[in-house]
Structures are given as structure tokens and as C-alpha cells.
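Enquirer: The hints should help you fit chains B and C onto chain A, whose structure is shown.
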Amino acid sequence: MSRVQNVLVGTVRSALGWVPAQWLPGGTPDPLIGRRGEVGRQAARLDGDVKVQGQARFSAEVPLENLCYAALVHGTITRGRITRLDTAKAEAAEGVLLVVTHRNMPRVSGPSLIAITDPTAVGNSSLPILQDDKVHYNGQVVAAVVAETQEQADHAASLIEIDYAAEPAETRFEEAKSGARIIPSLLIERNHLSLGKAERELTRAPHKVDNLYRTQWQNHNAIELHALTVAWGGETLTVHDTTQMIASEAATLAKMFGLKREDVRVLSPFVGGGFGGKGFWDHQVVAVAAARMVGRPLRLQLTREGVYRIVGGRSATEQRVALGADNEGRFTALIHNGYSVMPPYGACPEAYTLGTRSAYRAKSFEILQRHIDMAVVPNTFMRAPGEAIGTFALESAVDELAHELAMDPIELRLRNLPEKHPITGAPFSQHAAAKSWADGAAHFGWERRSATPGARRKGEWRIGMGCGSGSFPYVRMPGAAVRLTIRRDGTATLACSAQEMGMGTSTVLAQQVADRLGVPLDAVVIETGDSDLPAAPMAGGSGQSVSIAGALLAASEKLPAELLRLAGNDSPLAGLRAGEIRLGQEGMASAADPSRHETFRSILARANRDEVSVSATGTPPLEMMKFAMHSTAAMFCELRVSDVTGEIRVDRLLGSFDCGTILNPRTAASQFRGGMIMGLGLALTEETWLDERSGRIMNPTLADYHIPAHLDVPDIEVMWTGIPDPRSPLGARGIGEIGITGVAAAVANAVFNATGKRVRDLPITLDKLL
Amino acid sequence: MAITINGTPVDPPADPRVSLLDLMRDRLHLTGTKVGCNQGACGACTVLIDGQRVLSCLTLAVQAEGRTVTTIEGLGADGLHPLQQAFLEHDGFQCGYCTPGQICAASAMLEEVAAGMPSYVTRDLAAPARLTREEVRERMSGNLCRCGAHNGIIDAIMAVAEEQAA
Amino acid sequence: MTPVQYRRADSASDAIRLAGTAGHRLLGGGTNLVDLMRKGVERPDTLVDVTGLPGAIEEAADGSIVIGAGARNSAIAAHPLIRSRYPMLSRAILAGASAQIRNMATAGGNLLQRTRCVYFADAAGSRCNKRAPGSGCDAIGGFTRYHAILGASPACIATHPSDMAVALAALDARVHVAGADGARALPLTDFHRLPGDRPDLETELAPGEVIVAIELPPSRLAPRSDYRKVRDRASYAFALVSVAAGLVIEDGRISEARIALGGVAHKPWRAWRAEAALQGEAPNEAAFVAAAEAELAGAEPRPGNMFKVTLAKRTLAAVLSGLCEDQA
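Chains as they are written, first to last, in the UniProt record's numbering: chain A, 1 to 770; chain B, 1 to 166; chain C, 1 to 328.
Chain A on its own, in the form it takes in the complex (with noise of 0.2 Å):
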């Protein structure tokens, strides 16, 4: 995130400009797009019968004799020195086999924070981990306990005696704004971006609006917590965990550790949901070093609280959107910039204005981020980081600019739709922003709104309808690699180390391996979830599915040549080169004659070979510079207010996404549903309660910390363009967090036409409907 990364970064992007699409990995359109296969079909999860079944194993459900459990204790003070620390009486407790405090946790520096130039940094936060005797924010780890059981280690974690010397800290948001500072960029993007004079533009405008959102602390609350189970032997070490970023975790504790990276192992085969929790934090760090300590395989599974403690989610922001309009509805201002929460011992900036910069065309622009610091547990990044809250401020200022107006909503967006990227001036590799507009309005029944607000009504009840842009990038990690084999018994195996927290990797991996080779689905096999494999990106960015899919297109141009070899003279593809080859019906055949073939089989039967392998890495994903690559979604929600209480009912939400081809349509409308539900808890009842007093979050708990229940998801439609992107491996882009974005502004303008009143501040709970 510095000025020399933003040097780099424009560097690439405008000599990509200038090389002919065709040079560039997704220049030729992966010869996969467009042809019917196992790809696109609604094709059974691979996982789903042990799911069902309870027979998936997660992390803390690995039988390992000799197995003991830790603790943690949790500081509760905002930030000072720990000034006495008696463990006497935990030590003497039953069953406990020892304790960790800073005094004897061994010497570990701490993780490299998150950062784009390098995949294997995983840190959240740069602060020591039981190093000394400072705490910085209220719930840090200060002490863990292990014992015989976990009821023991839980009871002894309440005997450590600690006191305090509490010291200044800043835990609240509007003092903490004073001190806001401005970092260079934002992932890759630089952060203030500057274009004509966006505040003249404004004041000039016949037609604007300009308003302040503000959105609260949000957690993940993935439904399994966080938990590791940990064994060393000798200089190995074996790590079952839950986490979204295998391959970097085994990294990272190698690094930590002093161990070699061929020594450390990191399994997680199941996920029980992640959205960005499921990362690397201080209680991975404790728990394998206390196994070390105490020689023994050890389990750490956080506490609902503890999760809350230590874990970090996303940050609370206000924002201002500001828009100028000309008569028929141009923009001519574009003005996006406001705060969020990074600690300096933090990494992950809340994105929130990265959509707008693509969303609309408009004569300037403004945008930049300040990021204030505060004494709390760092945030990260959560299910469409930026995009779910920016959607939400740029979104409804686009509203209330179309209430302005008198304009159809739908219609001011489409009049301001750009058509290349807006500031950059890219291309965009497919964009049909439009069509999934038209199609989402028709289905929907869009026509059946009324423009005047508080207008239909039933009983006690408002009824308003509502819809919103949703909108994320496309992103192919760098450096994902696979491993494919190829065996006599026809089968097919796609190795690497992805990452299944229910989105459908395998099922989904399968299907491509299907057709890439001309194999039937039920001759794959995918093996993931285990860091001695070759080392895929982590879960995250939306990203994974292409990333590999990307890997897996470069191993497959790497095997015709592997089997050509093998092949010999006796083959029907005798004398042909690897680039005459095409890989299909269970063999490959020359691209030229089809009925020169040769199954896999064949070929590794007459050679002897029981198997062959090819190792492959994708492309550096230089489209993503070339073009801009971006996802869109049209969100419309109708519900209901009551004129009593304020309470909220969605009856209907559907979203209509243009996201390239969707691989899976099962599996795809699953993630976009689920995104869409957690875009219903933002918008409505989920907040984390941090007591600015304290810098304590006060309801760490399921109970306190409403996530949507069955009683508040209604049947939720989703549809399609399916319009392939030319640019990517499959004509795919993610979809793992588009679903989110858009949906609190679709739902905030819902309450807005129903009632007439608009609510800048989420969660929109029913007190501010009063």
C-alpha cells in the first residue's frame, strides 16, 4: 500500500495498454467458453453426502491420542501494562498441565501483514503475541491455559488472577476522525483519485444531493468457530485448522517457527464458513506453541466470545456521497470519500469507494478514504470488503437523486452507465449492466411501483419496493498451482491446495477437469484442503474458482506434450507436436484430423506407465490491468413497515447479476442467495456493539448479535445474463460476494418508498422508523 506500489501499478497498466489483447493470458478466448459440458450444469456437490450425514470433519473434530485443550484469557482493559499476573491458582488447578503467559510463550516475531505483492503474508495484525506485557486493545489474548479437558482449561482460564495499568487510548469514532490519516492506495488501486473539479461541479449543479451514511461494526459469525487441533513430531508439525488461506498459513508458521516449510502441514478439508474470518490470528500463534510446550497434541477452539475478541470484522465507516446531476440526469459530480477503522497495527483497509470508481460515468470525481485509528482488535477484510457498505452510500444517494429528479431510478442508472471504465478509460472485458437492469425490472414487476413514496399500504403495513447496484471486480490471484495426473484406470486427479468453506470448490473443480480433458465427472477426483499440495490461492476476493481454473488451463496445455512423449510411434498421433494436439473424449486427438485419437488409457497402457503428472502454475493475470473486469448486479427488494412499530418484513428480493459464465447454477445461486441473506443482515439488524467507553465489544454472543433467522429470508429469486467474459479462464468471474453488495440500498430505498423516510444510518433498525 505505498506510493511506490501506486508507481508500479500505473506503470503496468499503461503499457498494457498498448499490447495487443491476443498477447495477453485471456487474449484468445479459453477455447472452453461456449461449449456444452459438465460445466454450466447443475452438477451434485461432491461433499454433500458426508455433509448431511454429520460425517465431515472440521478441525476440532480430529481424534488424536493424548489429546489436551486450551484456554484463552482475555485482557480487559482497553490498552496499558499487565502490572501482576498470579497464575498460582490456575496452575494448581486440576488437570491443568500449564500455563501460557508472556513470561514463558517463546520469542516469535510476528506474521507479515496481508499485503498484494506477497500471497504468503497472512498477519491481520503486526502486534506481538504474548511477547510482553502491553495490551493494546480490550479482549486481547493475555494468557492460555491447558489441561486434561476442556471444562478444566475453561475453569482455570478463570483463576488467573491479572491486574492493570490502564493508559490512554482512543475507542471512540468521532474523536478519533481528528486524527484520520490518508494512506496511498487501497489494495491495488490508488486511494484519492481526482478528476475535473468535482466540488465546483457540485455547487453548479441544477440538481444534487449530498449526505452523510454511516454503517456499524459487523462480525462474520461464521456458524463454526474458529478451532485448531495441533501435533507436533519433533521438527513436523501438523496443523488441522479451519481457514481460508492454507497454503499461506503452513507459510507463515514455518516462518514463525523456524521450521522448513516442507515440515509444517496444514489440513483443512471443510470450512465451516469463513467471509473473511476465517484468517490468521493470534490464537493459531498460541496454540502451537503451547503444544510445543507442553509436548503434547493440543486443541484451541475459541469461544463464541473469544471469536469476538480476537477476531476482527468490519469496520464501522461514514461516508459522504455527494452527486450533481445535470437536467436530464448526467452526473456531472461524483464525490465519495469519508472514514473507516485501521489501527497502525492493522492491514486491511475498508474499501468502500473502489465500486464507485467503476460504477457510473460523470463529468469529475472526488474520492479518497481517510482511516482513523482506534484501540480495538484490527478489522479485516469481510464478505465483499468496501462494495457491501459502499453500494449502500453511493446507491442510495442515487435514490435520493432520482427522488429528486422525479426520475425513474432504474432509468437514472442506466442513463449514467459507462461505457469503458469511467477514470481509467479501460475497456471492459463484458459488461451487461444493462441487461441484467431490464431483466431484473421485468421479472421482478418493477412496474408495479409506485414513484410516490407511502403511497401502497395493507393493514398497519407499508409497502415499498426498492433496488440498488451491486458491483465487485474480478480478481485471478497470481501464483495458483495445480497438479494433474492422469491414470490408467481412466481417472483423473486435480490436486492443489483449495480451500472448501461451502461454496462448491471441488464439485465445481471437477466439472472443469471434466471438460478440459474430455473425461466423464465420475472419473475426477479433486483432492484440496491440504497444504502438501500445490499451493492455490487463499479463499478470498472472489477469487479461487478462477485462480485455479487458470492454473488448470495452464496444466492442460502442459499435458499433450507429457503424453506425447509417452505416446511413441505406434500411436495414432505418431508425429504430431503438442500444439497440434487437442485434449477431449478421454484422450487427445489432433486438432486438425479428430480421427487421429488416442485415449489416456492407450497411451499410458502401451508406455507402462500407471500415471502421468503435470505441475502448473497460471498465468500472471495480466488482463485483470489490461481491462477492466468487473461483476455488476441489479438488487430489488419490496417489503413492508409497520406503521406501529416500525418493524421491518422483506417479502421479495431478487437479483439479477451479470458475472460472467456461472459454472455451477446450483451452486451459484446458493453463494448469491447467501450473500444476498447477509446483505439482509446488514441492512437490518446486525451490528457489533463496541462500548466507546471501553473499546469493549458488548455482545459477543448469537443471542446479542442478531444474524438473519429463518423467520426474517424470504424466498429470494436469482437470475443471470450468463454472458461469458472473454478475458477470463472459462468466461468466469467470482461470485462469492457480489451477492452482498447492492442489497442494503435496494432495502433502504425500499423503506424509503414505503414510508417516505430515509434512513442513512444502518442497521435500519425499526427505532429509526418511528
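Keep in mind the hints are simulated off the structure, nothing from the lab.
Model, not experiment: these values are computed from the prediction.
A couple of the hints might just be wrong.
Unchecked claim - One side of the interface only, derived from the structure: several residues of chain B facing chain C at Cβ under 7 Å: (1) 16; (2) 17; (3) 40; (4) 52; (5) 53; (6) 58; (7) 62; (8) 117; (9) 119; (10) 120.
Cβ atoms here follow ideal geometry from the backbone N, Cα and C, with glycine treated the same way.
Expert: For chains B and C alone, kept in the frame of chain A given last:
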């Protein structure tokens, strides 16, 4: 007296603090029942005791002495239970972590409806319970899902309910 | 959780004997107590399991219904006598928690459950006069969305979280208790205390006394009664405000009004003032609004729960209107 878990008698733990959930997960390696909060707030640990759905995280194992416990492992002991099959068909899960609790809760919920038990959204408390989507949603609201498989879960339960009614 | 002994009470007298011992706590469904033990708020040395005690729901000779303290919440809600004669109580119970928790929770335990104040629950990090009398109250000045607007004190602004007890308060239920010195019964409205300067004392139960049964006197409210719960999530959440109300209308006038509010006070809040205001009035919107105004006139909200005054008034008036809508 033993606790009968999925037909197998099990000794209650010596330490009364041990929850039924931890007895099963940590001592018996019956890990199909999940722990989502240990606060009685998510429903992931739902099991059936004497046929009734309860939270195993707030049930001390010693309280289950002499009683019969059925978990997800016991529910589908003879091949897939119809609900398990329906969850597969309707994609009623993603990560799979809340799933055993959802399925156990759903199986007891269908029994409750068959026995005529009302819910908060039942309009007429005197009439026999009727299973609408709204009824299923209310009755299943004690089982949280974070991946957002709600629609598929309700679809799956409705499908089984309709099958049973047919 | 601190180490604990476990015993089962085989009889009421057994329970009474064990309940009187210091450090002993009665264990019902455990839905609240086990959670609080895990949070370090409750630290009993012995748990006395009383779930084996009678939980029958029976009609007495005078037409009252007697619910044994061990009755599970779900059994009460589903019982034909309760559904037909006290539908408000069924609805209140069904509005609470989840089906799983209702299957576990007992009638006695429901009355004795403790506040869901998040500062009370934070044994490690917050001050609370309930947990440690005299230590201070961190809820005041903190998050007060779920806190009291009626009957609170400078020492405590917590609310009682029960739905069931709100309906019981409106229904003139009586709580039968027994102790070493014998048995007695008291109105549910007198069973819970306001916090005053001793918020740690939550009920009138004397040390060693146990709840034996809850008695519901015959009621004429059934045809016009309801329980409405307003909360932050459509289901599975505690009340911001709830209203239990029943009316008897004779000759176009309100001859009987029974109203209680939940989520607003340290105890189920019987709305005596609103009832008095309605007595003899014609059942119309103006009378309902006036009654709601009368009840909430004494409200003392906090910065974080000002809205609850309006919410309580509106919900109460709307419920009363609803009772007069569907039938003449």
C-alpha cells in the same frame, strides 16, 4: 444409569460440568453434532432427547441419564433419512456446519406439527396445525445458518412434509 | 465453569431441603443457568436437578388451572386447556426463544431466569450491581436498547426477559411456593421485585423456598386477548417491547382490562394505570391511546432507549384496537 445415544448405552461423565455436546464430541468422537456458540443461541447442537429437539450445549450430560439421545448419526442410521436426501436435492446447505442441527430440528419439528402443536405464527390456536412456509420458517428459526441456505432448507422440509402428507 | 456437584431432587421436600443450603442452585432446563455458569456469572457448588418434580397441568375444582413448576414451556403452550382458555399465554410462550429451548425450559425456571443485560453477562469486563452489589452499573451510559424504561433505579436498569411471565402477570396468575416453614402463594405481579438499591434480590422467594406451581384463575379474557412481541429480528430474539392484553366488553363498555408489558422493566410490568383508565370506557382508539399514555407517563428512558416509550405506547394501543376488530 446409562445414556442411550443412537441405541448405544454410554456412561455419564464423572464431571457433571460436561455438557451432552462435549460428551459426544470430545469423549465419544460423535462429531456430527456441532458447536456453534455454546450459548444456546444458534441451534447447531440440536439433538433429540426422547424424541424432542433440545440444545445439547445447554444440557448437562448427567441430566440425560436414563434417556434416549438421537443425533444426526442416529437419524440416518439406515441409509439417508428423507430429510437428508431432501437437503441434498434442494441444496439446503453450503458449508455444512449448521446442517446436522437443521436436520435434527426439522425431523422433530415435523413430529410436533403432526401432534398439532401450534407456533407463534399460527393464527388459530384451536385449529389443527397447518404447515405453510411461514410456519416452517418460524418453527426453524432456532437454527441459524450463516451461509444463507435458508431457502433450500425450507424447500427441503416442505418437500418431505408434502411427501409424508401424500 | 467452576467445578460443581450434581444431585437430583426426588421430591418437593427433597428440593426444599437442598435449596436451603448455601451454594446450592436448582437446575431446571438449564437454558439460562448453564449458560451463566459458563460465563462465570453463576458459580454454584451444587446443582439440584428439579426436572423430575411434577410438571402436570391440571384443572382444579374451582376451575383454576394449576401448572406444576416442572412443566416444560412447550408443553404448557401446546396444552389444550391453555390454548382454549388462556391463548394469550400460549402465544407468549411461543414468542419466546426457540422450539428447542422451550422443550427444555421449565415453568419455574422461566420465572427465575435472570436478565439478559449484556453488562450483567460480562463477568470479566463489566461492573454490575446485580453480580456484585455496590460495584456500579456499566449499563448506565452504555448500550441500553434492551433496558428498562419503567421502575428502574440508579443501581440497575435491567429488564426481565421472560415472555411467559408477562402473560402470567396479565392473567392474575399466582405463584405457589414452599419452604421449610410451609407453603404460600403470592400474585405473580408481586413475585418479582423492582431493583431499588438491591438489584441482586430479584424475587420475593425466601432462601430455601422453591416454586411448586403456577395457578391460573378462571378468566373471561380468552376471546379478546393477545400477546404481541416487538423485537429486532422476526424470531428468536428478546423483546424490545411486548404487550399481553385482554379485554372483556359488556354493553359497549370495557368491564375488564388486563394488561402487562414486557421488555420495559425489571419485572413483568402490570399496566395498572392503563387498566384503570380503560375501566368503563367505550372501546375506541382514543381510549386506548389515553390508556397507553397513562401507563407510560412515568417512563424514564435512557439515551439509548427513548424510542421504547413511543414503541410501548403504540404497540399497546394497537393491540387493544386489534382485540376489538375481529368480533363485535
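Enquirer: Against this structure, judge whether each hint is valid.
Expert: Against the structure, the hints:
For residue 16(B), the shortest C-beta to C-beta distance to chain C is roughly 4 Å, which falls under 7 Å, so the interface hint holds. Interface hint at residue 17(B): satisfied, since its Cβ lies 5 Å from the closest Cβ of chain C, which is below the 7 Å cut-off. Residue-level restraint check for residue 40(B) holds (minimum Cβ-Cβ distance to chain C is 6 Å; threshold 7 Å). A distance limit of 7 Å between C-beta atoms decides the matter here; for residue 52(B) the minimum to chain C is near 5 Å, and the interface restraint holds.
Because the beta carbon of residue 53(B) sits about 5 Å from the nearest beta carbon in chain C, less than 7 Å, this interface hint is met. Interface restraint check for residue 58(B): the shortest CB-CB distance to chain C comes to about 5 Å, inside 7 Å, so the restraint holds. A least Cβ separation of about 5 Å between residue 62(B) and chain C falls short of the 7 Å threshold, and the interface hint therefore holds. Checking residue 117(B) against chain C by beta carbon gives a least distance of about 4 Å; that is within 7 Å, so the hint holds.
Restraint check, residue 119(B) versus chain C: the minimum CB separation of about 6 Å is within 7 Å; hint holds. Given the 7 Å rule on beta carbons, the hint for residue 120(B) holds: about 4 Å separates it from the nearest Cβ of chain C.
Hint compliance for this structure: no hint is broken.
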